[in-house]
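Read top to bottom, the protein sequences are chains Y and A.
If you're matching positions, the first sequence starts at 1 in full-length UniProt numbering and goes up one per residue.
If you're matching positions, the second sequence starts at 1 in full-length UniProt numbering and goes up one per residue.
Since the hints were made in silico from the structure, they are not lab data.
Please note that a few of the clues may not be correct.
Unchecked claim - Going by beta-carbon spacing under 7 Å, a handful of chain Y positions derived as facing chain A:
1) Gln19
2) Thr23
3) Asp77
4) Glu108
5) Gly125
6) Gln176
7) Cys333
C-beta atoms are modelled at their ideal positions from N, C-alpha and C, and glycine is treated no differently.
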Amino acid sequence: MSETEWKLSSRDLESLYLQNEDTYPTETYLLQRQVERSILKIEHDKLRGEDRLNRDEHREYLHQSLQQLPTSYQALDASQPWLCYWIVHALDLLGDKPTEEEAKGIVEHLSSCQSPHGGFGGGYGQVAHLATTYAAVCALCIVGTPEALQVIQLDKLYNWILSLKNEDGSFRVTEQGESDVRGLYCALAVAYICGLLTHELVENCSTYISSLQSFDGGLGGEPFNEGHGGYSYCGFAALCILNEYWQATENQSVPHSLDIKRLQFWVINRQLELEGGFQGRVNKLVDSCYSFWQGGLIALIDYWIRKHSQSDQVSFKFSGEDLERYLLRYCQCRGGGFRDKPGKPRDLYHTCYALSGLSVAHQNLKESRSSLLPKINYLVNIRVERWEFAAAYFGNKNSLTS
Amino acid sequence: MSSSCSEEDLRTKELLELCQDIVQDMEEYMKPGKAAPIAYETHFLCISALFRVLLARKEYSERALKVSLEAIRNNPADYSCWDFRRQILQKMIGQSSAMLQRELEICDQLCLENPKNYQVWFHRRFLCSYLENPQHELEFTETTLLEDAKNYHAWSHRQWVVDLFEVLGKEEEIFSKKLLEMDFRNNSAWNYRYFILFSNQKTAVHSLQLRQSEVNFAWEMLQRSWRNESAWHYLWKVIDHEWNLFPWITQAIEELKEQQETSHNRFVWITWFHILTYRGETSQANHILDKLRNELDTFHSSFWSCGKEE
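Just chain A, same shape as in the assembly:
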């Protein structure tokens, strides 16, 4: 198959024609690296070199936008291109907001194609801060999260949007619940829930009532699986060592210790250890440490050996 008729090659040819006046400067950027040289495809190497020429010339033009976009299509991790586009956009923003909208559409597509790329998500933040479009961003991150429910960039972006545009906490609480209903082991969704309800200055309401209902929620989820570390972390964090405020948890843990299904569950015993430590029952707590080290959590015995209370 001839490669000269591929779409990339056609686009590359057009761009080279558009920049005829500077193509003679490309050679400098096309020499193979002196260490670990990459076997580039021709169209990749040409566009990359052409972009570096424009970058060195600081040419903030319409054609520079086109070349940088092609370079980004070839390699979305080329952060110099993204930087350059932001500089051009900043200079042109006064002229038209349609341009930003168009950039967002490009960004949407590239984000869906490269959901784990740093640059494309940061570029979104840049655009959003001008477009002020929280609703679109919530919908967009939802789309990406339904594809990959643990996408770190997507969650981080959603947190940024919620914080900047003061999105209502109630809707987001429902969103986190929806994701947890899909997979209650999804630690990212638990983290988001904690952020919305307890950490974010703009959505968090600190009340004992909320803590009570969240302890209930975590407990409900734990009943689906006592081995789900995420739900335990959430429970511990919401209780935050104030075991006296949640006396029924102490009771429930005492029961779990006795039940066959959970009597060997290390998380149950770790929780029990925390309760005893809180109560100041040091020798009993140390006894549990020994039990964890020698019997229930031997894989982490080294950790339990150095955790003894004086």
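Extracted from the complex, chain Y is given alone in its bound form:
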């Protein structure tokens, strides 16, 4: 099928709305119904935009953001590597890249965020943080030039990551900062990309991850917290990275005590039929960023189950068609960019994760078609090609120095 022929999944949303009517209204219910009505309103709107991906508008929004961000982004002054990552990854998914000059600026800027003691901070002169380090390393891999990859000081990076490790297998996000599964995931993802995983670094990590499963089946940020899309992705992606390491070094699977079937049941139920998108927690509202956190988690679980079962399991999918409907029809903004949900303004975070989610959605369609977004390495959320190039680069580099 060519791009002009296909139509977005159409459902009888009116009758879904009626079906969702429930007894005993509470705050959760009333807010949920508001969102459902905002979706129906868009469906009824004669002026509803086209259902295709407005590539040019998104590109322009992203290039413009590289040139200048408005004052509202002051709140992200401590997340500057994230801004770079969101922009270059979104561009990369759109088949575009920064101009030579832009790329040079990104590399210089990220280089200025690197701490003399290893790791990257939120900006020049800021303390190194695991989350901004993850963002900086991914952004540099996406830029992908030798100059970009050379920025990362591997020895210092490794020692710094190791210094943040707690006995229980979790990681502090900074020397004095909080510990949760975000820290753990960012630490392992960075080490995985840069070829720095060691026995010392991974010890106890899977025990910590196993302690995160909530009563509902999802994973929380810390033991006993509520199941949450972002943390579930971090925890399970980290477990998959550990598994890669165990397979390579011990030739066996990583030991863990997660109930993966329950996690899978939890996560498929996070996709909402009427909206088409994912919610982050049980009984919360849809949000486009979970398109990737939950969609990516589903893809990772599918990969895990098929890898660990002897028989040829049928591939397990969510509804890519419905997720695409949510993203393109309700979250795409005029002038480029994506938003959390109807009624919200666009921003770079949601633009990056909506496009990442769209890439996952394209791998979950019932029928394949042309002009799909490129595939992502779900473990780290950069394009497969970028991952392969970086892994080869660092693999080579590490074998020369060891």
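Here the structure of chain Y is known, so what remains is to put chain A in place on it, guided by the hints.
Below, chain A alone, put in the same frame as chain Y:
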């Protein structure tokens, strides 16, 4: 309107005067970024640069505390500032506990203004571990939860407090019930209830009696809405596959399958599937899987296709 007379600008001016001896070093930190530069307000940029100078100098002083606080007011997500404050506080703790108390008041205010900020909640933990003030923390998290009953940080903080200070489980059970009475669909409140009654080493009492009464509680809540996924999760988790211990549930599910209102409810049938699987009635269970896949839960048909028991 002239911006030179705003409160922020006045405070910024005062702080710059206080640090006159080092302002010449600020320039380095005021250059625009080479990628995705942000259009900073002047007062924001000045305070941020001044703070970075103090940080680079490792100046653990009274004026550094003032500058970092202003930087935090400008951007509560500036984790370097919070880190720095903790380092200063640690060095000064021996001298006065009034200082920690003052810091907590600042923290209270910033928490209320930025309830979804990681740093401010972690800073609370730091302060609490010195102040040992569980009662204040319970009251404070209650205030924030009455504002937003699903605030992830607030719930997580409350769990941390309960665990560290061994707060009595009974009071907290009542708290979770109160929040569930306000909104029985609040999954965070269900999670908290499970934590208090079953997970937390210090408050949990493992007894069949407790499980029975919690199954009753979940069932009562389900009667308000059979579509409330949170209550189903709670029920399943408390039963934990031991359906034989709760025979009346099996009976009640069989009745719900027949009733018009619930005969198409997927959760009812999923529960029935679990009961059949537990009993080892595999072919019947597989029949229910087909029913879920083809009729009752077609939206998740892919999940039910790969769930077949051998």
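Index of numbered hints that the structure contradicts, given in increasing order: Numbers 1 and 7, in rising order.
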